[in-house]
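Chemist: Which chain is which? The protein sequence lines are S and X, in order. So for the first sequence, the numbering used here puts the first residue at 122; every next one is plus one. So for the second sequence, the numbering used here puts the first residue at 126; every next one is plus one.
None of these hints come from the bench; they were simulated from the model. One or more of the hints may lead you astray.
Taking lysine-lysine pairs in the PhoX-like style, the calculated list, with each CA pair at most 25 Å apart, reads [to be verified]:
#1 S/Lys235 with S/Lys167
#2 X/Lys151 with X/Lys232
#3 S/Lys151 with X/Lys240
#4 S/Lys214 with X/Lys151
#5 S/Lys214 with X/Lys232
#6 S/Lys235 with X/Lys162
#7 S/Lys235 with S/Lys214
#8 X/Lys240 with X/Lys164
#9 X/Lys164 with X/Lys232
#10 S/Lys167 with X/Lys151
#11 S/Lys235 with X/Lys151
#12 X/Lys151 with X/Lys240
#13 S/Lys235 with S/Lys151
Distance ranges between label pairs, derived from CB positions [claimed, not checked]:
#14 S/Ser173 with X/Glu209: 14 to 24 Å
#15 S/Ala229 with X/Ala169: 27 to 37 Å
#16 S/Asp179 with X/Asp139: 20 to 30 Å
#17 S/Thr126 with X/Ile161: 39 to 49 Å
#18 X/Met126 with S/Ala182: 39 to 49 Å
These numbers were taken from a predicted model, which means no experiment stands behind them. Think of the CB as a built atom: it goes at the ideal place given N, C-alpha and C, for glycine as much as any other residue.
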Amino acid sequence: MATTTATLTLSSADLTGDALSLSTTTTLTKAGTVTGLNQTTGVARKTTSSSSQYVLFDGDAYGNGSHKVYIKNTSAVATEYATIEINSEQMGKLYAGDWTFFPWEANADTNDIKIQPSVSTSFTLEYALFYE
Amino acid sequence: MANLRVSLNIASTDVLSSALSLSAEKVMSVDSGSLIKAKVKGTAADTNDMIVYLANDKSERAYLYIKNLETELENYVYLRNETESDTALASKLGGGEFTFIPLAPDKTYAVYATKVDTVIEYGVFGNDNSSVIYGGSGS
Numbered sequence: 122m123a124t125t126t127a128t129l130t131l132s133s134a135d136l137t138g139d140a141l142s143l144s145t146t147t148t149l150t151k152a153g154t155v156t157g158l159n160q161t162t163g164v165a166r167k168t169t170s171s172s173s174q175y176v177l178f179d180g181d182a183y184g185n186g187s188h189k190v191y192i193k194n195t196s197a198v199a200t201e202y203a204t205i206e207i208n209s210e211q212m213g214k215l216y217a218g219d220w221t222f223f224p225w226e227a228n229a230d231t232n233d234i235k236i237q238p239s240v241s242t243s244f245t246l247e248y249a250l251f252y253e
Numbered sequence: 126m127a128n129l130r131v132s133l134n135i136a137s138t139d140v141l142s143s144a145l146s147l148s149a150e151k152v153m154s155v156d157s158g159s160l161i162k163a164k165v166k167g168t169a170a171d172t173n174d175m176i177v178y179l180a181n182d183k184s185e186r187a188y189l190y191i192k193n194l195e196t197e198l199e200n201y202v203y204l205r206n207e208t209e210s211d212t213a214l215a216s217k218l219g220g221g222e223f224t225f226i227p228l229a230p231d232k233t234y235a236v237y238a239t240k241v242d243t244v245i246e247y248g249v250f251g252n253d254n255s256s257v258i259y260g261g262s263g264s
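Just chain S, with the same shape it has in the complex:
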C-alpha cells in the first residue's frame, strides 16, 4: 500500500481584516477505505497545438473509485486557459499558472475528464492521476 499525501495551503494577509492562513492535508485513499491509492500516471505533461477538445482521462478506463486528479496550466500568458469538462459539464477554466486538485469518481464512460485549450498554438498542461 502506498502512502501519498496532498497538502493545500491558502493564505492572504490582506483579503480581509482577519489574515487567512489555512493548511490542510489529506491522505489519498481508495473509496471508503484507508487503503492508499497505489497506481499513478506519474507527473506528466501534454502539449497541444489545437483548440479542439480532447479526453485527458477516460472514465471507462479507470472504473468506479475515488481517484485523485491534479491538473496545472503551465502557460505564462495570462489570457490562455483550459476549459475543464467533467461528466460533459463545464467544471471551470484554468488560467495561466492555475492548478486544480479534486477527487474523481469514474464509474462510466460518460465520466471523462475533457480539456479544451483556448488557443491553437503550443499549450501545455501538467497532470497527475492517482487511481485505484
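We have chain S already, so just place chain X on it with the hints.
Modeler: Structure of chain X alone, referenced to chain S:
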C-alpha cells in the same frame, strides 16, 4: 485588490520507485472571499442541498475550496453543477478529503451529503460581481 496564495504539495515515498514531491503555487489577485463552516442538510440532489456558489457572484473567475470535515471516509459530500444538471457530479469528497477547483462563474454549484448535518468548510475566491446580492436586494 488582495493577494491570495494557493499552493499544493503532493508527496509520496512509495507510490513510485522514485520519491514524489510535486508542488504548485499560484498567487491570485482577488477582491473577495471568505471561509465558511456549515452543515449540509440535503442527502439527495435538489432536495435541501446547499448552494456553495451562486451563479455570477464572481466575475470572470472563481475558485472553490471545500473540505469534508467528516472523519468517516464513507460519509461523502457530493459537489454538482446545479445550473446544468441534477445528477452529474463535479466531485465526490470522502471524509477528510478536500478539493480546490476553478468554477464556471456563471453557474450555480451545490452540495449534498451522505449524512444529514455533514459539516464542511468551504470558501469561494474571486472578484465580486456587485450585481448579484446574497440574501436579496432589500427592496
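Chemist: Hints first: check each against the structure and report whether it holds.
Modeler: Hint by hint, here is what the structure shows:
1. S/Lys235 with S/Lys167: holds (13 Å)
2. X/Lys151 with X/Lys232: Status holds; Cα separation ~24 Å.
3. S/Lys151 with X/Lys240: holds (20 Å)
4. S/Lys214 with X/Lys151: Distance of about 15 Å is within 25 Å: holds.
5. S/Lys214 with X/Lys232: holds (12 Å)
6. S/Lys235 with X/Lys162: violated (31 Å)
7. S/Lys235 with S/Lys214: holds (12 Å)
8. X/Lys240 with X/Lys164: Holds, because 10 Å separates the two Cα atoms, which is no more than 25 Å.
9. X/Lys164 with X/Lys232: Since the Cα atoms of X/Lys164 and X/Lys232 sit roughly 22 Å apart, the hinted pair holds (cutoff 25 Å).
10. S/Lys167 with X/Lys151: holds (20 Å)
11. S/Lys235 with X/Lys151: Cα-Cα ~23 Å, so holds.
12. X/Lys151 with X/Lys240: Status violated; Cα separation ~34 Å.
13. S/Lys235 with S/Lys151: holds (23 Å)
14. S/Ser173 with X/Glu209: 14 to 24 Å: holds (22 Å)
15. S/Ala229 with X/Ala169: 27 to 37 Å: violated (19 Å)
16. S/Asp179 with X/Asp139: 20 to 30 Å: With Cβ atoms ~26 Å apart, the hint holds.
17. S/Thr126 with X/Ile161: 39 to 49 Å: violated (25 Å)
18. X/Met126 with S/Ala182: 39 to 49 Å: Holds: the Cβ-Cβ distance is about 42 Å, inside 39 to 49 Å.
Violated hints for the displayed structure, listed by number in ascending order: 6, 12, 15, 17.
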